[in-house]
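Asks: These are the residues of each chain, in order.
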Amino acid sequence: MISTLCRGVAILGICVPLIANAQHATVRTEHVQAELLVHAPQGLEAGKAASLALLLEQKLGWHTYWKNPGDSGLATSLKWSLPAGASAGPIEWPVPERLPLGPLMNYGYTGKLLLPVKLALPAMSSSTLLPIRLHAEWLVCKEVCLPEAGEFSLSLRAGKVYSEHAAAFSQAQSRLPLVAAGVTARARVNENAVSLEVSGLPPTMLGKPVQLFPEESGVFDYAAEHSERWHGKDLTLSVPLSPQRSESPSRLHFVLASADSPGIRLETPIDRGWPADSGVSSVSTPAATAPVQSEPPHITVPPTSFAVVLSMAFVGGLILNLMPCVLPVLTIKVLSFSGHASNRKLLATGGFAYFAGVVAAFVALATLMLALRAAGTQLGWGFQLQSPVFISALAVLFTLIGLNLAGLFEIGSVLPDSVTALRARHPVIDDLLSGVLAVAIASPCTGPFMGAALGASLTQPPGEAIALFAMVGAGMASPYLAASLVPGIARLMPRPGPWMGYFKVIMAFPMLATVVWLLWVLGQQVGTDGVVALVGFLVALAYATWTFSAKAEPTTRFALASSGLIVLAAVAAWAWPALHAPPARAGTASERNWQPWTPAAVIEAQAKGRTVFVDFTAAWCVTCQFNKRVTLADPGLLASFETSNVLLLRADWTRRDPAITEQLTKLGRSGVPVYALYGKQDQTPQLLSEMPSVQEIQTALGKL
Amino acid sequence: MKNLLMAFSIVAGLTSSAICSAQAIVGKPAPVFNAVDATGKQVSLADYKGKMVVLEWMNPDCPFSKAQYSTGNMQSTQRYAAEKGAVWLSINTASVVRPGEMLASWMKSQQGSPSAIVPDDGKIARAYTAKTTPHMFLIDPAGKLVYAGAIDSMTGTNPADIKTATNYVKQALDETAAGKPVSLAITKPYGCAVKYSPSA
Numbered sequence: 157m158i159s160t161l162c163r164g165v166a167i168l169g170i171c172v173p174l175i176a177n178a179q180h181a182t183v184r185t186e187h188v189q190a191e192l193l194v195h196a197p198q199g200l201e202a203g204k205a206a207s208l209a210l211l212l213e214q215k216l217g218w219h220t221y222w223k224n225p226g227d228s229g230l231a232t233s234l235k236w237s238l239p240a241g242a243s244a245g246p247i248e249w250p251v252p253e254r255l256p257l258g259p260l261m262n263y264g265y266t267g268k269l270l271l272p273v274k275l276a277l278p279a280m281s282s283s284t285l286l287p288i289r290l291h292a293e294w295l296v297c298k299e300v301c302l303p304e305a306g307e308f309s310l311s312l313r314a315g316k317v318y319s320e321h322a323a324a325f326s327q328a329q330s331r332l333p334l335v336a337a338g339v340t341a342r343a344r345v346n347e348n349a350v351s352l353e354v355s356g357l358p359p360t361m362l363g364k365p366v367q368l369f370p371e372e373s374g375v376f377d378y379a380a381e382h383s384e385r386w387h388g389k390d391l392t393l394s395v396p397l398s399p400q401r402s403e404s405p406s407r408l409h410f411v412l413a414s415a416d417s418p419g420i421r422l423e424t425p426i427d428r429g430w431p432a433d434s435g436v437s438s439v440s441t442p443a444a445t446a447p448v449q450s451e452p453p454h455i456t457v458p459p460t461s462f463a464v465v466l467s468m469a470f471v472g473g474l475i476l477n478l479m480p481c482v483l484p485v486l487t488i489k490v491l492s493f494s495g496h497a498s499n500r501k502l503l504a505t506g507g508f509a510y511f512a513g514v515v516a517a518f519v520a521l522a523t524l525m526l527a528l529r530a531a532g533t534q535l536g537w538g539f540q541l542q543s544p545v546f547i548s549a550l551a552v553l554f555t556l557i558g559l560n561l562a563g564l565f566e567i568g569s570v571l572p573d574s575v576t577a578l579r580a581r582h583p584v585i586d587d588l589l590s591g592v593l594a595v596a597i598a599s600p601c602t603g604p605f606m607g608a609a610l611g612a613s614l615t616q617p618p619g620e621a622i623a624l625f626a627m628v629g630a631g632m633a634s635p636y637l638a639a640s641l642v643p644g645i646a647r648l649m650p651r652p653g654p655w656m657g658y659f660k661v662i663m664a665f666p667m668l669a670t671v672v673w674l675l676w677v678l679g680q681q682v683g684t685d686g687v688v689a690l691v692g693f694l695v696a697l698a699y700a701t702w703t704f705s706a707k708a709e710p711t712t713r714f715a716l717a718s719s720g721l722i723v724l725a726a727v728a729a730w731a732w733p734a735l736h737a738p739p740a741r742a743g744t745a746s747e748r749n750w751q752p753w754t755p756a757a758v759i760e761a762q763a764k765g766r767t768v769f770v771d772f773t774a775a776w777c778v779t780c781q782f783n784k785r786v787t788l789a790d791p792g793l794l795a796s797f798e799t800s801n802v803l804l805l806r807a808d809w810t811r812r813d814p815a816i817t818e819q820l821t822k823l824g825r826s827g828v829p830v831y832a833l834y835g836k837q838d839q840t841p842q843l844l845s846e847m848p849s850v851q852e853i854q855t856a857l858g859k860l
Numbered sequence: 006m007k008n009l010l011m012a013f014s015i016v017a018g019l020t021s022s023a024i025c026s027a028q029a030i031v032g033k034p035a036p037v038f039n040a041v042d043a044t045g046k047q048v049s050l051a052d053y054k055g056k057m058v059v060l061e062w063m064n065p066d067c068p069f070s071k072a073q074y075s076t077g078n079m080q081s082t083q084r085y086a087a088e089k090g091a092v093w094l095s096i097n098t099a100s101v102v103r104p105g106e107m108l109a110s111w112m113k114s115q116q117g118s119p120s121a122i123v124p125d126d127g128k129i130a131r132a133y134t135a136k137t138t139p140h141m142f143l144i145d146p147a148g149k150l151v152y153a154g155a156i157d158s159m160t161g162t163n164p165a166d167i168k169t170a171t172n173y174v175k176q177a178l179d180e181t182a183a184g185k186p187v188s189l190a191i192t193k194p195y196g197c198a199v200k201y202s203p204s205a
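Residue numbers (this note's numbering), protein chains in the order written: chain L, 157 to 860; chain Y, 6 to 205.
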């Protein structure tokens, strides 16, 4: 009767019962029916158990929140007005439900919910009227959220037994987490998680997966799954911390629940407290939330510091020495040590000069890149290799090195006497220059490798980017420096002998092989005509170099050299246009499974619900080609792609393509290879490693 | 050769995972993004280098956002930011992206003055792990994220509370403009959940 009246009155409004002695009060909104209940099975008296409760009956699909609402939402709050001497305890929260919403996680309740509080009464004479008033606020959400409130009142009589809601209260009681005696917990902060060790859990929970609800807000990443491990009766949990942690409570409270068992409430201090802050300025606790802590809260900093990145750059530089286009150069340089072995000091100076040259070249590269970044130019590592002219220049350089090693000509006789003299007089400058040259020669091998570092340096302050590059250079130059400094290492170097002549000639062939690869890259860019033009030019070049160094009488030599120059000029004039011709079509994506990449193709496929795999590649990128021929050609993988109906797109960056450059930037990279797997439209694409295994790609597919 | 490639890839992998953390972390460079605003113009965070940038996650349907606008608190914060030379992007993340005109006309009706209103399908929100409407972020002129959290020190929708609350965004703007570190760099955001599309 009363509830009917109230229903008529209120949406969000106040519902004051019209009849004195009313047993309950109800507020009804569009989404919730709320009611104030009392339970005093032994009569309302001082010292006897009595409870009040707010009953919320939520419509299907709607929910309200737990004391820690999770990523969003707001806990229900109760404000009591009670007779003098009476007091109401805090809400006894039932074990909540996990309410995931996209990448967010909320904790709350659906359906019928009873929020009880303990009621303590003063001694009083029987039949005294006890007016109870409650102002309750709750946030109820589905897709939208509505803050709702209600005023409730009850008029109770001292001494009277109230038990009509006994069933509801006992059911609510069974949903409350227990503070079980014998359950102990320890917590410790690791880098990005709190490790929680719990022992003494009730037998009904043992070995079962648990749900965990942290009561403190502003600490944990609620949506991230915790990990759990049972060792007999002990449970170890690792609970991920929020990257935006704002609180550092000195004690933690959790509710643990598993199927078919009541939840357990745990309380634990933190062993050794929160780690001292290693980064951002200290953060104090917002006034509106948890009590102020004695220690300042901290922000977790990701585990990898800049020093680690620098040391990895150094290792990366070291590895560059093993690259096929660096090792021969290095070997040649170290061979030359045998010539200086008698003069330790000169050797050391040369080592430092080489070191300085390499580092300077890397720093120059970084500076150039930063300057271009500042100028707003889109740019990626390997960009030089997108220029046919640059490729041709490299091919010329490698051909010359190859021909020199093969013994067609001697450097000394090609260079003008003054330069040769300069070299002799300033070996230090010579070493410095050869360091710079080593970096230039290394770039075809290092480009793919450096992609990630460059991508990162694009987002780094200039100082750090330069430091990163200098470190790569230091890594690359250090074996050479070490060999020149430490006699032990220098002694490990091969001794001079006739084998050096053979070795020198043998080294010519990897150089010439590199030319083959460069020609192939050029072929991808400008087609067969361009390759023929360049090969023609290289032949002319070989002829010209030979004419310059041929040992003959001055007149014959002059004639030869003139003919060499004429041939070279004529062939250059013939070849030049072909090297500039527009490409036949960059990267003829001939493999039948693959289609050329366009941004529209990705969006279109996603709209149709198809998964898209994009191979960002370039002909000049060795790693890309390795992946393409080994991993991406794996029959098992191709079958997986087919079963999952994956659209395979290839973005070919062999020639500069602004659309691909832009896409790479969006993905946080500035070089290839990049492998991206696009799932649903609203998902960020998954980026795979630069040398993904078949299994890695299949796992990524499985995650979609 | 294969071993070499393996070693190579391990180092490359380590290097890239160490640096490419795209997530928004206070004290680190803020994730950059490109978007199209409600009027169809390109908006790129990179264009605002040298200026402070405030990101406001808002939702015209959310009572918490509405309370901030109906009390004039958000608008006054926007004007305050403008006086400090800051750019203000009001971002609306929705699983079904709202038409720009709708967002713009709502903002006009509220007399709000953000630099741009940005409809988002969840990409920007994921990069910033935006949780609530409102959820506020401040990026300093060097592109570093210096504040993430609530607009103010209250937690509800009660207009009376809003008037007495401490405005964390104004505080962060003041401190950043003065070249000082933000004293309260992370607070707990409160409000409605950001409307990500339900299938994560």
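Rather than coming from a laboratory, the hints here were simulated on the basis of the structure. Keep in mind that a hint or two might mislead.
[Stated by the list, open to error] Cβ-Cβ distance ranges computed for the label pairs, FRET-style:
1) P425(L) to S188(Y): 21 to 29 Å
2) E818(L) to V102(Y): 49 to 57 Å
3) A183(Y) to P618(L): 46 to 54 Å
4) K89(Y) to A463(L): 29 to 37 Å
[What the hints assert, rightly or not] Capping the alpha-carbon separation at 27 Å, the derived lysine-lysine pairs in BS3-like fashion look like this:
5) K89(Y) to K33(Y)
6) K707(L) to K764(L)
7) K168(Y) to K235(L)
8) K836(L) to K175(Y)
9) K298(L) to K71(Y)
10) K113(Y) to K149(Y)
11) K175(Y) to K71(Y)
12) K223(L) to K168(Y)
13) K71(Y) to K822(L)
14) K128(Y) to K298(L)
15) K168(Y) to K822(L)
16) K128(Y) to K822(L)
17) K859(L) to K175(Y)
18) K54(Y) to K89(Y)
19) K707(L) to K784(L)
20) K223(L) to K46(Y)
[Claimed, not checked] Quick look at which bits of chain Y chain L covers, simulated, 3 or more residues with Cβ under 8 Å:
21) 84-94
22) 99-108
23) 160-170
These numbers come from a predicted model, not from an experiment. No residue lacks a Cβ here, since even glycine has one placed at the ideal position from N, Cα and C.
Asks: Taking the hints in turn, state whether each one holds.
Replies: Verification of the hints:
1. Taking the beta carbon of each, P425(L) and S188(Y) are about 27 Å apart, inside 21 to 29 Å as hinted.
2. Checked against the hint of 49 to 57 Å, the C-beta distance between E818(L) and V102(Y) comes to roughly 22 Å, which is inconsistent with it.
3. In this structure the hint that A183(Y) and P618(L) lie 46 to 54 Å apart at CB is violated, the actual value being about 25 Å.
4. The beta-carbon spacing between K89(Y) and A463(L), approximately 35 Å, falls within the hinted interval of 29 to 37 Å.
5. For the given pair, K89(Y) sits about 22 Å from K33(Y) by alpha-carbon distance, which is consistent with the 27 Å threshold.
6. Restraint check for K707(L) and K764(L): not satisfied, since their Cα atoms lie roughly 72 Å apart, outside the 27 Å limit.
7. Proximity of K168(Y) to K235(L) is assessed by CA-CA distance (about 21 Å); at most 27 Å being required, the pair is judged to hold.
8. Note on K836(L) and K175(Y): the hinted pairing is violated, with a Cα-Cα distance of about 38 Å set against a maximum of 27 Å.
9. Distance restraint check for K298(L) and K71(Y): the Cα-Cα separation of roughly 17 Å lies within the 27 Å cut-off, and the hinted pair is therefore satisfied.
10. Restraint check: the Cα-Cα separation between K113(Y) and K149(Y) comes to about 30 Å, which exceeds 27 Å; the hinted pair is violated.
11. Between the alpha carbons of K175(Y) and K71(Y) the distance comes to roughly 19 Å, so the proposed pair stays at or under 27 Å and holds.
12. At most 27 Å may separate the alpha-carbon atoms for a hinted pair to count; K223(L) and K168(Y) meet this at roughly 25 Å.
13. Pair hint K71(Y) plus K822(L) does not hold up; C-alpha atoms about 33 Å apart against a cutoff of 27 Å.
14. For the hint linking K128(Y) to K298(L), the alpha-carbon distance of about 22 Å falls within 27 Å, and the restraint holds.
15. A distance of roughly 41 Å separates the Cα atoms of K168(Y) and K822(L); the hinted pair therefore is violated under the 27 Å criterion.
16. The straight-line distance between the Cα atoms of K128(Y) and K822(L) is roughly 11 Å, inside the 27 Å bound, and the hint therefore holds.
17. Our distance criterion of 27 Å between C-alpha atoms is broken by K859(L) and K175(Y), whose separation comes to about 42 Å.
18. The hinted pair formed by K54(Y) and K89(Y) meets the criterion: a straight-line CA distance of about 15 Å does not exceed 27 Å.
19. Distance restraint check for K707(L) and K784(L): the Cα-Cα separation of roughly 48 Å exceeds the 27 Å cut-off, and the hinted pair is therefore not satisfied.
20. At roughly 43 Å between alpha-carbon atoms, K223(L) and K46(Y) are farther apart than 27 Å, so this suggested pair is violated.
21. With 0 residues carrying a beta carbon less than 8 Å from a beta carbon of chain L, the stretch 84-94 of chain Y misses the three-residue requirement, and the given coverage is violated.
22. Here's how the stretch 99-108 of chain Y fares: 1 of its residues keep a CB closer than 8 Å to some CB of chain L, so the rule of at least three is not met and the hint is violated.
23. Taking a C-beta to C-beta cut-off of 8 Å, the stretch 160-170 of chain Y contributes 4 residues in contact with chain L, enough for the three needed, and the coverage statement holds.
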